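Sequences listed follow chains A and B, in order.
Residue 277 is where the first sequence starts when you use this note's numbering, and the numbers rise one by one after that.
Residue 281 is where the second sequence starts when you use this note's numbering, and the numbers rise one by one after that.
Take these hints with a grain of salt, some might be off.
Footprint (simulated), chain A over chain B, 3 or more residues, beta carbon under 8 Å [unchecked claim]:
| # | segment |
| --- | --- |
| 1 | 533-542 |
| 2 | 1036-1042 |
| 3 | 1184-1196 |
Please keep in mind that the hints were generated in silico from the structure rather than gathered at the bench.
Predicted model only: the values in this text are computed from it and were never measured.
Glycine included, C-beta positions come from ideal geometry on N, C-alpha and C.
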Amino acid sequence: MLLIPCPWCGERDEDEFTYGGEAHIARPASPDALTDAEWADYLFMRKNTKGLFQERWMHAHGCRRWFNMVRDTVTHEITAVYRMGGKPPERTDS
Amino acid sequence: MTGQPFRIAEGGRIDRAKPLTFTFDGRAYQGFQGDTLASALLANGVRVVGRSFKYHRPRGIVTAGSEEPNALVQLRAGGRTEPNTRATCIELFDGLSAESQNRWPSVDFDLHALTGLFSRFMPSGFYYKTFKWPAWMWMTYEKFIRHAAGMGRSPTVADPDRYDHRYGHCDVLIAGAGPAGLAAALAAGRTGARVIVADERCEPGGSLLDHAATQGGPSAPSAAADWIAQSVAELEAMPEVTLLRRCTVFGYYDHNMLGLLEQVADHQSQSQSKADPFQPRQRLWQVRAKQVVLATGAIERPIVFAGNDRPGVMLAAAARAYVNRYGVRPGNRAVVFTNNDSAYEAALDLAAAGVAVAAIVDCRAEGGALTETARAQGMDCLTGYAVVAAKGGKRVTGVTVMALAEDGDAGGKVTGGRRAIACDLVCVSGGWNPTVHLHSQSRGKVRFDDAIAAFVPGESFQAERSAGAARGTFATAACRAEGAAAGGEAARLAGFGDTPPPAPSGDEPRQAALAPAGAPLWSVPQAPGGHGKRFVDQQHDVTAEDVALAVREGYHSVEHLKRYTTLGMATDQGRTSNVIGLAILAQLLGKDIAAVGATTFRPPYTPVCLGAITGRETGRHFAPTRRSAMHPWHQARGARFVAAGMWLRPQFYARPNEAMMDAIHREAKHVRQHVGMVDVSTLGKIDIQGPDAAEFLNRVYINGFKKLETGRCRYGVMLREDGLVFDDGTVTRLSENRYLMTTTTAHAGPVMAHLEYHLQVTWPELKVHVVSVTEEWSAIAIAGPHSRAVLERVAGGIDMSNRAFPFMGFRQGAVAGVPGRVFRISFSGELAYEINVPADHGLFVWEAMMEAGGAFDIIPYGTEAMSILRTEKGHVVGGEIDGRTSADDLGFGRMMSQAKDFIGKHSARRPGLVDGHRQQLVGLTPTDRKTRIPRGARIVAEPIGQVPKSGAATPVGMIGAVTSQCYSPNLDTPIALALVERGRDRHGEILYAASPVAGITVPVTVRDPVFIDPQGERLRG
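Excised from the complex, chain B in its bound form:
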């Protein structure tokens, strides 16, 4: 471990009493509490922190904030690893480990950097142009391109940390806690309004924190530091104000809904965050605000020149932040290159911190307000000059400076002799872009302001206003005044009092005008004979030459330019590059920037982890699990469960040493020979009441319900209004005006919604109420020849005789002493009953019935056996009711009433649905009665031979598909249900079930879909 050679002896907002150890690319370094990873790396003299996306050029730290395009690292390891995190935003903690990205084998020696040598063959659109043919080769190209162009790595194991969601409501939401945001919060908070202030940094104060005058400390008290501290103390004392640190307002959505990401524990080591086991790592806020103040500040932009990506080329304000806030010298000898006054302040602060300022290169012919101040301190101010190139590889070693032919002209020429200046730091300022992202996301307009050469907020669309630098106002006093006014106005519009006067401004820190005078210099042309790359978008390696090429190729629209060159499409979304790209485009087209227009700003402002979006809804909390009252019994009997929607249902009950298929076949066979019970609590149950209930049922089912007598059940089929089958089930008339409808498990919700829709919207005049009672009742189906005998033992009060209680009958009475409902309905085709008892008694009744059935060798059976039984009986389920089949396709044609209208009736007569060539439900058996019919097999009329390798096979017409298949233990043959063109006319034909996936074709005999007891003697017996 080495010392921190670039750390300044004193000053800054770091705590030198708290040294922290961290590793970068496996090497241990030391920093201090209050550092970011970026400031600590700079303090240790680490300059190359990553390799670029396309050319693998060495890259260093460019900014000190969330706009960082270059210093992206892989943070942490294992399940906590996070790619593409910005070193400038990572607060240092003890034990932090990070790795550089995009380099192989190491950041100092990268083999892919060879691509840089061939880079003139890789212009914009290179991949589109080069790898587009032959198309099949793309699969091969892609592997290499992905390897070369990767960003960080995604974690491969689950994230062990906790992420929370929180909803918030407030009168005024303030994004940003700099001078404008704090002033706005004070003004709004003092009215008693409920205020949320969110700032992405770890402490409020905004850009003031980066200024030398704010550092203060006991030896040098500062008005700015005092103002921040007093403001924060006052805000924190207000009960209705919430001040959120490390919390980014990342999205502005409809109706003043804003998304906030609070990084609760990202700045802590694992042991620190473990201290509170319930502390989330991040918290996603969704805040509905009556009024919003956007005090999001401004972002400095660079100037494009050859070699402007060399490590050591940095934004001037970032260099200023590193010396003042973090006590770090980002270099020993600086050249400052600017088109405005703000960089002079950086130069003066750098000099005060012991960095030699070799020259200030100011593209303005006359310099600016601080030029003379700088000269008075002995700085060499070259006015009317520009940096044409930065030299060096992994570290800038100097710059070449030339005079500008015209005063700051955007398309200016460089002229005269070249002057080389040695330096290891280049501080660049090309002006400031107000952070209009949230305003634009809220659908507010942006306007190009020539005075500051930047986009500023225009007309608002939602209840928001911008204040301070976010609005293009840069002087601190003005920012505070504007913030106070905005906060007061927002509170007033939210219904809170009059605005108190803003706090007295006190001793202002010095703040120069940030606006570049005259036409700003966006990019410096190549020096004659120069060929260094001039980067516009450093993260995506897009150069000024790429933009020019795209324009030559006709990509004149800003949206096209963006997509063709990928300018501004990296994880930083072009925070430091978009406006420059636009300006270059405008110059090339000879238009104003305002006429070229800006691309749309979209959320999120900064990247948001998927973990935060997911929140707690992960693993078993992803969806609720529904269990029937009999679940513990199934579990104790070794049932294997299967998910049916959110329900867990017993799939089968294997005996010791019994294989799955053996258990399933045993259960299916046993039911037909003896008796079995299955838990059918998951079926949808809807209670329908009212004088018009019969009329209502008559309108939603294809068959008639008006003549259904009390105490009887009826099978019904529902269509959608487009004529296709929606669901099937039974309806029982419980009493004069009361019915119970059952639905399939899957369609319980949709059928309920369907009924509600038609009752409320289509026929509001019908006096009917519907309510879902699925979870109120436990349901047990008992099937098999002995089912009546078993029931007689537990429901002695009900006359079970065939005459007293016939098929499709219904009786109420005690079952095992519990008041219940008994329905004589059958899904299996056997003599069968369904028993409903109040859910709380389900387990008790189930156990009583199992005990009573002991004498008849009763067994429980699962969904697999149930499925075999219904397939043997030709009952349709989801495989057949797939949203494409008509009632007639499934054999319900004659059920459709001619005497009444019903939902879907008119559509069911559409020509397409009565076409004689439609696929109809049939049964299939393999001709050899042995070979399983493949799942999902296609039905063809001719056997499919071996498909020739040449791909010249003759197409074979598909005339149907297998919808359900199983081995029938009761018939000792595989069987299947299928939908086959004109299937009902084909009974007896031999067709072929072909599965190219399984590679087999099975000859099958077409037959009626009811395999067992077609006359229904068993279920009526």
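For reference, chain A alone in the conformation it holds in the complex:
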């Protein structure tokens, strides 16, 4: 079970969190301006990264805040957590 450092509450068990998939996917400002392919890319297409991956988590059984996390999908090493709207630290491969 992962030990996840919530930026608001500190280290907590993975049990307390829900997973939100790939981070930094912005909802298009004008969906109607998009082609179906572009919309599908926003809605369905996600990376399947081997290595450092930027992803979203929510501390569902705690502060209920969403945040971003950089996790190595091979080793589960967590290299960074940062708030929504924050910039990912440099040197991530995803």
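Could you slot chain B onto chain A? The hints should help.
Relative to chain A, chain B alone:
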């Protein structure tokens, strides 16, 4: 009851002053405090303790530890019964009862053993090859195979015992309390670090406990025993050290989380454990450790030879443990068969305990360091020899020995004459496997070490290190030194001081080198003309011949071999068999073992009861029960409750002698004619505040919310971003920047999460806060023509007139004197209101309204009547909002705003969602207005005839399905809602609701889904 013919007169760690009585297969025996079930059975001369899985061969005790493959028994009875428990791990208590498994009718006479006679027709893959066709016959085969191949029996009644969960945090976790583990614990504990030491046995000391020199006692003090006692005393005096006995570290998970199973009361009789009513039987620990030391020791492995499963063939170290630790002779005349020195120590201890050692058969041509010592004691040491076969049925009666053609060669040949040696005990040692399981589970690599012919821990992946025999270091002094170093290092890395020097080693017990010299002998080939079975995996009855067959059939990968032969897949997970299987595979492929590779080790290390995993979350503690403030009133009025998620809701209120359906129909009819009240506290309520609240609502609902005025309510539908309907509910504008959203009971949580996600992730710039207030408010819906009159009596301060308080209006004011909120909304289609008051006042207001309604013949109604009322009105619920329907499917197409963007809008225009052939919501009535429309019926255009037995029926195209159905007491006809292809174009058509499950087909007329008051005159009146 007989005496204990194989008990040695003195010595061992048993308490002869405390005799215990137990039964095995219904017969009473006696043992002593400190015995295991296995040692007590051996003391009583019981040799056959079970039958094997596939061939039903008689099997005896092979080991003295948790690696036992054979001696699995059914322990206890009734709700406490537990199958597949290892007799070698069961501490004896008074009144213990156990039964052998896998035998019918008895362990001594087993009819299924006949399969052994046909066993050459049952090779690996036998079931796959034989029973694969015809496929339909498998159902028949399976019954017989299961009966023949069963293990123990699962309990059929609930376990009455208590199981606990506990979370732990520590700086250093140490798995194992043998020489290395104790030394590690002392080194780490002395730094002040928080340490947990867990050992699966009942007392610390590890393998030292099995050695003759450790037995000590007042007459023969021993350095090893003293060291253990002093170490334990020091550890127990340290406030930051927790020493857990009978506690197995069974799993090593991500980020240094480890699972521990503490068997708190498994060693106690029922009356003993009853002394403390709060004592759990087992406790599951989840421990997060900064650093871990694995001091899990090593497990001896057997050597494969013909008949090596005969009762009386035992691991040498196990035999040594039985004579030394338990004071039991596992036989009278032993042959020791080894490829290394450790078995000599067993031979010397056996001889000292009065067991005649008929011969030591050492496959090494020159013998080893202790060969001369053994010879000096008059033992017959046959070096360069191997046991080719064990003879006997239910008890080994002797062995056949032959010379090895080449010195210990793995694929060696046996040669020369045969020598028969009579014996009733064969002690085998094929070397030692470090217990690398936890290291491997932690994703650490394992490496094959040729020097000891075993896998040892390689590079670590998590914050762990191995020490002692678990790392392939076998001499006791070295184990202690390594343990101390590992414990000190772990503490230092966890932030605690420098390592103090390890304790002085004192007088070491004798410890031979355990490594087999040269190439180890893994399996002895058949003697010419021999055909006895050579078992690799005794628990799953996998033989060396099975492995060879699998390799011939192309199963060259170790993972394939494992699955095809089931080698190592039994409850012991191949503790004593995996490496041998690998070695045989490597030999057959002509590869090194390192090149063949090991299978992955997975948790749990030893079996864990489901009870321990479940813990206290069982029965009514499985999930919390949510009750509304009015629950006691419902209960007092005889309501029958139904679970709605975690909520309990009144389903209906039957009057004396009133049948369920009568009560439901009475309630539904009464509401439309008079007035009724229903508890709707379970609906989700979300308070939404902030200057951007209107904009936010506008983005999450398909319809517009910007023009909603203060004091007004609006019905809204939410989509998921993929364009399908997510939930519906109402939103009320309480004040300028404050709204109250209601959700369905089922979606209260998911809708809240949906709003939070979009506020925090999608539009963090919006100034809006949301908070769930479901439990802050009690909610009462009052519906029916007299609802206004009733409310006027309790909420006199609010002008209830239609003009002052119209449909979809909202007012605040006192209800029965309690500050409340009144919404004029209707789920039933009648004139109706919903009243919210602070939850603590819910019961009081409910009672006041019931009293005020007395003059109007008010009744309470339950969820069943509510469901009928909404079905009559064509309102959609979970049956229709099933995650596959679009807004247009449900008739909300025109609600979708063209003027704004909202969640799901773009997807709702996907070609698949605007396809003219989609199923749309319709109402159905049976053409005869009498026959109930079957629940879940499929809608077809043609009636389905009798399905012919030949199965040659013509397929009938399905064009829809019934989503809700009931009898409408107000219309006196069954009705239904359904989703039907192009349904809105079919009003007036006759279709068929077919239920192959119920075996009926009902002709139905398609119509508008609103059955009652389509113009909405009642709810606006």
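Non-conforming hints, listed in increasing numerical order: none
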